[in-house]
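Visitor: With chain C's structure known, arrange chains Y and W on it following the hints.
Listed here are the chains, written in short residue letters.
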Amino acid sequence: MHEDRLFPADPGERAIARRLYAEVAGLPIVSPHGHTDPAWFAYDEPFPNPAELLVVPDHYVLRMLYSQGVRLEELGVPRSDGGPVEADPRRIWRLVAEHWHAFRATPSRLWWEHSLADVFGVTDRLSPANADAVYDRIADCLTRPEFRPRALFERFGIEALATTEGALDPLDHHRAIRESGWTGRVVTTFRPDTVVDPDTPGFKRNVEALGELTGEDTLSWRGYLAALAARRRAFMAAGATATDHGHPTARTADLPPAEAEVLFGRVVDGLAGPDDAELFRGQMLTEMARMSLEDGLVMQLHSGVRRSHNAWIQGVFGANRGDDIPTRSEFVHNLKPLLDRFGNDPRLTLILFTLDETTYSRELAPLAGHYPALRIGPPWWFHDSPEGMWRYRQRVTETAGFYNTVGFNDDTRAFPSIPARHDVARRIDCAFLARLVAEHRIDEDEAREVAVDLAYRLAKRAYRL
Amino acid sequence: MHEDRLFPADPGERAIARRLYAEVAGLPIVSPHGHTDPAWFAYDEPFPNPAELLVVPDHYVLRMLYSQGVRLEELGVPRSDGGPVEADPRRIWRLVAEHWHAFRATPSRLWWEHSLADVFGVTDRLSPANADAVYDRIADCLTRPEFRPRALFERFGIEALATTEGALDPLDHHRAIRESGWTGRVVTTFRPDTVVDPDTPGFKRNVEALGELTGEDTLSWRGYLAALAARRRAFMAAGATATDHGHPTARTADLPPAEAEVLFGRVVDGLAGPDDAELFRGQMLTEMARMSLEDGLVMQLHSGVRRSHNAWIQGVFGANRGDDIPTRSEFVHNLKPLLDRFGNDPRLTLILFTLDETTYSRELAPLAGHYPALRIGPPWWFHDSPEGMWRYRQRVTETAGFYNTVGFNDDTRAFPSIPARHDVARRIDCAFLARLVAEHRIDEDEAREVAVDLAYRLAKRAYRL
Amino acid sequence: MHEDRLFPADPGERAIARRLYAEVAGLPIVSPHGHTDPAWFAYDEPFPNPAELLVVPDHYVLRMLYSQGVRLEELGVPRSDGGPVEADPRRIWRLVAEHWHAFRATPSRLWWEHSLADVFGVTDRLSPANADAVYDRIADCLTRPEFRPRALFERFGIEALATTEGALDPLDHHRAIRESGWTGRVVTTFRPDTVVDPDTPGFKRNVEALGELTGEDTLSWRGYLAALAARRRAFMAAGATATDHGHPTARTADLPPAEAEVLFGRVVDGLAGPDDAELFRGQMLTEMARMSLEDGLVMQLHSGVRRSHNAWIQGVFGANRGDDIPTRSEFVHNLKPLLDRFGNDPRLTLILFTLDETTYSRELAPLAGHYPALRIGPPWWFHDSPEGMWRYRQRVTETAGFYNTVGFNDDTRAFPSIPARHDVARRIDCAFLARLVAEHRIDEDEAREVAVDLAYRLAKRAYRL
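Residue numbers (my numbering), protein chains in the order written: chain C, 1 to 465; chain Y, 466 to 930; chain W, 931 to 1395.
This is chain C alone, in the form it adopts within the complex (with noise of 0.2 Å):
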């Protein structure tokens, strides 16, 4: 990995961006979004093997090479009904090797260098030549206690970092973190879409497990209110600061009560349609809002993918196969029901994440820039990347400023590469101020104050960690 990595090729903006990145490079990793399984960091066991570890859960890793004709099957990506898949872990491991040009300029590719090199001090690049001495290096590595989640966590420096967990999780796993003794700052998040989308498989089963794990009537209204925040008040025992919703869409609703009872009746009894299940996502958006006055929970709104778009794979092999198809949003009419009610109350903290690049200048950096409960979330998955990354500063930055931003997510479920992940975000926020500095936009000594928000404060501040 070259040191210059990422920074811009003029000489002297290139300098400029070393000077930056050289503050923030050893900040420690805030990461306070992401996937990654509590269960590593509560029993602290050695991964499997280097295919289970960063070829079978990266679900860009396998949409690329889904694309090129690979079948999940030779990926050894588990089918539902059980059926045979590859299971030798080397072959899997081949094959990607085989295919690694086809990462060529892919956030995927910078982040597996990273990982393989300050991970496992793999400097070569992949190839079919050396696909098996690399897969014997780091299946060596992963037998040794200091490749184990724990250490890990403390090599990578992460300060603090937020997995996310569904509303009806025991968390378990975050319990016997804190009950270990370890010292390393894992939290959950509250991720209440299962008991809140009617169009969930199983909703209504779901509500009422809601209702077991709190004791309360969550059949009625009421008591599915007082169960969500009840559930709420768990999870922030177990250490979580932020709610994050997954909705298709950024429909708010703001109902009078006694029409939202009657839609709640609707949509427990099934008898809710598309509108009404839709309806029913935006006002549980805005009753998470109210709650969030309440408790404090800062509000992270994920919307506008598709899921599982590709039918066959959805039948054969489930969810999160890299499958999720961003469609176009809208956040202006959508949101206005929430943000009349709340949007004005600096005390609430909604983080609004899109896949719809045109509503970065168009309505995302107006309507943060404006409202003080709107922050505007990191670019978000397919737009993790260089180029995204800087997209997103040029359409938000001068509309929304920098503080209406809130620093960088990982978001991922591979733990390897979340210091790749936040280092890709650092010299590329820096590379970006540096251009800044070299066309006398900002000065240096304000670049430098910005490089450090960006980089470690800014996410500390937004999601109350």
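Be aware that one or more of the hints could be misleading.
As the list claims (entries may be wrong) - Label pairs and their computed distance ranges (CB to CB):
hint, chain 1, residue 1, chain 2, residue 2, range
1, C, Gly-26, Y, Arg-926, 35 to 45 Å
2, W, Pro-1186, C, Ser-180, 50 to 60 Å
3, W, Leu-1201, Y, Leu-758, 55 to 65 Å
4, C, Glu-73, W, Pro-1186, 22 to 32 Å
5, C, Thr-123, W, Pro-1186, 54 to 64 Å
6, Y, Arg-609, C, Gly-26, 28 to 38 Å
7, W, Arg-1024, C, Arg-18, 52 to 62 Å
8, W, Glu-975, Y, Arg-484, 46 to 56 Å
9, W, Pro-1276, C, Ala-133, 27 to 37 Å
10, Y, Glu-538, C, Arg-175, 41 to 51 Å
11, W, Pro-1186, C, Thr-200, 23 to 33 Å
Claimed, not checked - Derived lysine-lysine pairs resembling DSBU-like cross-links, with alpha carbons at most 30 Å apart:
hint, chain 1, residue 1, chain 2, residue 2
12, C, Lys-336, Y, Lys-669
13, Y, Lys-669, Y, Lys-801
14, W, Lys-1134, Y, Lys-801
15, Y, Lys-925, Y, Lys-801
16, W, Lys-1134, W, Lys-1266
17, C, Lys-204, W, Lys-1134
18, W, Lys-1266, W, Lys-1390
19, C, Lys-460, C, Lys-336
20, C, Lys-204, C, Lys-336
By construction, these hints were calculated from the structure, which means they are not laboratory data. We treat Cβ as the ideally placed atom computed from N, Cα and C, and that holds for glycine.
Guide: What follows is chains Y and W alone, placed relative to chain C:
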């Protein structure tokens, strides 16, 4: 302010940009569209104080501070109910200084620093530490004759400046300017929104007032059209060369006369639903185009904003408080009725503005690169910024060229910032042209000619000034 | 033409771009999609004169001149009613020269200058002063054997060139080419729009003609499908390796056979409303995909244009006069029926084109970065330009990589501009790769391989040429 600000960092490109900028830096300012107050030039009274000059009327500044948790009352923004707000301009000024970091890398920062340096001689970066000293210096300046409106107008090198008045405006200030013997060219612009948009509060009263002003029976379709034509003539007598239309969308219509008359009847009787209102606005754009072919006024269409998105702000403080939010826009279908009627006539000039940048390359450049009646206005509002201007040139030029654009508009009510805004546009255009020259896409002698066209000649020609 | 044109200004990046370009500058041209006239190659007659070769058929040139107030009659564009238009090619040529400034920074300018220099040896910038001399030089060239179509084809280094013919085309010119003994590879492409789009004027007559051509009963659903399959085979016999579909939207459908048959009945009886017509076009895309899996033809989908937007132009001059305007596009929902049926089959190749750049990163790259059957075509039409190509690579690559794209298409009827168009694409791709190398995002040996893939190998492979 660094003399090379906003120029590319690459030394070769920067040298070209400097040479081009040297050709345009001193050109007179043509400001064909804006919102300064003609009373300033009519009566030439001193500006009251730094906060009332630079903070309270600037919705860019208000919105950013509000987003960061500053209340509008603290900024001295008058409440509609006359309730108490901050009255000490110095305290307002200090609040801006305390939040100055929030403006990093925004155009407001560029405009402010340029104005403070060039107009008031303040070259230190604003901060809480120097806020009082800067305030005192500007306040002192404002007491002196060379900081009165006419003196600044002349010092700024303004060749022509257009204000914008509603159709019912008596145009007294413009009359006073002409009768004063002062030679500065300040003209009005005809903005008929309140008498053509049925959704305007008090629409029928406005239509009746239009009748009183013109002696026409404006409750009849024929009288209403005649009254509008008469007001256009009155505006032309006050120097107007253009009309301006602020519509929610770019919808146009071309109804048979009898249907238009019936629609007008419904609208003026208050019987119009949302569809009727939208159709009527669309019809009136086509009527205005027809009148433009008769009287020669250039048309401007500013569409695609959700005004007063924040219900609470609207209720307490009213309009133009920084809570207008852009929406998705559409021109291809919306403009077709008007274009089918008048789009092929090169005697008509209809200048299109957008806040939805996706329309630059997809709709506006293809439309303006074909129809002789269409031109594309400069990047507007949230996009009147360095990055916004780059995106505009990069997306518009290859399909529409430079000669279907119309130079720069400052579109501002912040009078001291006018030279700063034109300077930013000139610098970015020179930077853009420098890149084209450095990449051998055009020759430098051509770039020089284009630079002067963009800075000066195109606006003069397009607006017939 | 400067030898470094379109390369980045930074000396380090430029040096890399030069080295990469040296690898691809001389590669043969593979032109897998375009609109040249096969009669040129069949009969090898001289081109008539400079205006008829370079101006009259070029809708890019017509549209820009028309937007600047030049009438199409003055440009010699034939009127549908046979009314008088300019007949002197020299006067047409002079009009272009007088408006040459309007083309600054447009791709038309780049293509023209390259063609004039490399094909006709004209190295001075076109101007009113030299218009006649340039005209004379080109006119003189056109009389000479080395400027006949086949000679130019060979001089251009064209390895394969695809034209596009409608499903009813007798393919006589292609037959003549093959029978002539000339060894240039000119193949056809199957474009069935006029027999699958019910909105085509004369649709039923076209379907009947399809029956006459194939001996099938095309008024029955089964016979209609058999006739289409037969025409596909006939096109394959004329070298076709691909089909091309120009639809208003990307809508697809996958109806049960009985419903499809009923819909066909309504459509062919002229009883189809707009929804039926759209549904039928969508169904036919899926039928075409099914046939592609049987016969191996690659599918291309060019959607999202409002053809003949200008009613007056359409009435007086007909189609393809520069008044086609892009519209907002949607692929995620629209393609799902086809993809659910065939998207997982790597034997199918469906190449998607768009004029709505917002779909690059939001829809096309995620879709093509997952489905094995999908590929993204190069930037099309208004985006076949330096800036358009940069935007394409910047938005597509990080999610879809290079290997879900298919190289370059010139898509032109302007034969002399083919080398220029490929050269622009090769230069921009090398510039883009040079930046990746300079920023240490890929290694230079990889960039070299990618450059050759983008310039040559990907098109050949994707189109099975």
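Visitor: Next, verify each hint and record whether it holds.
Guide: Right, here's what the structure says about each hint:
1. C:Gly-26 with Y:Arg-926: 35 to 45 Å: The hinted range 35 to 45 Å is violated for C:Gly-26 and Y:Arg-926, with Cβ atoms some 57 Å apart.
2. W:Pro-1186 with C:Ser-180: 50 to 60 Å: Given a distance of about 58 Å, which is inside 50 to 60 Å, the answer is holds.
3. W:Leu-1201 with Y:Leu-758: 55 to 65 Å: 42 Å, violated
4. C:Glu-73 with W:Pro-1186: 22 to 32 Å: Since C:Glu-73 and W:Pro-1186 have Cβ atoms about 30 Å apart, the given range 22 to 32 Å holds.
5. C:Thr-123 with W:Pro-1186: 54 to 64 Å: 57 Å, holds
6. Y:Arg-609 with C:Gly-26: 28 to 38 Å: Since Y:Arg-609 and C:Gly-26 have Cβ atoms about 53 Å apart, the given range 28 to 38 Å is violated.
7. W:Arg-1024 with C:Arg-18: 52 to 62 Å: Because 56 Å falls inside the window, the suggested range holds.
8. W:Glu-975 with Y:Arg-484: 46 to 56 Å: 49 Å, holds
9. W:Pro-1276 with C:Ala-133: 27 to 37 Å: With Cβ atoms ~30 Å apart, the hint holds.
10. Y:Glu-538 with C:Arg-175: 41 to 51 Å: Because 47 Å falls inside the window, the suggested range holds.
11. W:Pro-1186 with C:Thr-200: 23 to 33 Å: 30 Å, holds
12. C:Lys-336 with Y:Lys-669: 29 Å, holds
13. Y:Lys-669 with Y:Lys-801: Roughly 29 Å between the alpha carbons, so the hint for Y:Lys-669 and Y:Lys-801 holds.
14. W:Lys-1134 with Y:Lys-801: 29 Å, holds
15. Y:Lys-925 with Y:Lys-801: 28 Å, holds
16. W:Lys-1134 with W:Lys-1266: 29 Å, holds
17. C:Lys-204 with W:Lys-1134: Measuring from Cα to Cα gives roughly 53 Å; hence the hint is violated.
18. W:Lys-1266 with W:Lys-1390: Holds. W:Lys-1266 to W:Lys-1390 sits at ~28 Å (cutoff 30 Å).
19. C:Lys-460 with C:Lys-336: Since the Cα atoms of C:Lys-460 and C:Lys-336 sit roughly 28 Å apart, the hinted pair holds (cutoff 30 Å).
20. C:Lys-204 with C:Lys-336: Distance ~29 Å between C:Lys-204 and C:Lys-336 Cα, so the pair holds.
Of the numbered hints given earlier, the model fails hints 1, 3, 6, 17; all others are met.
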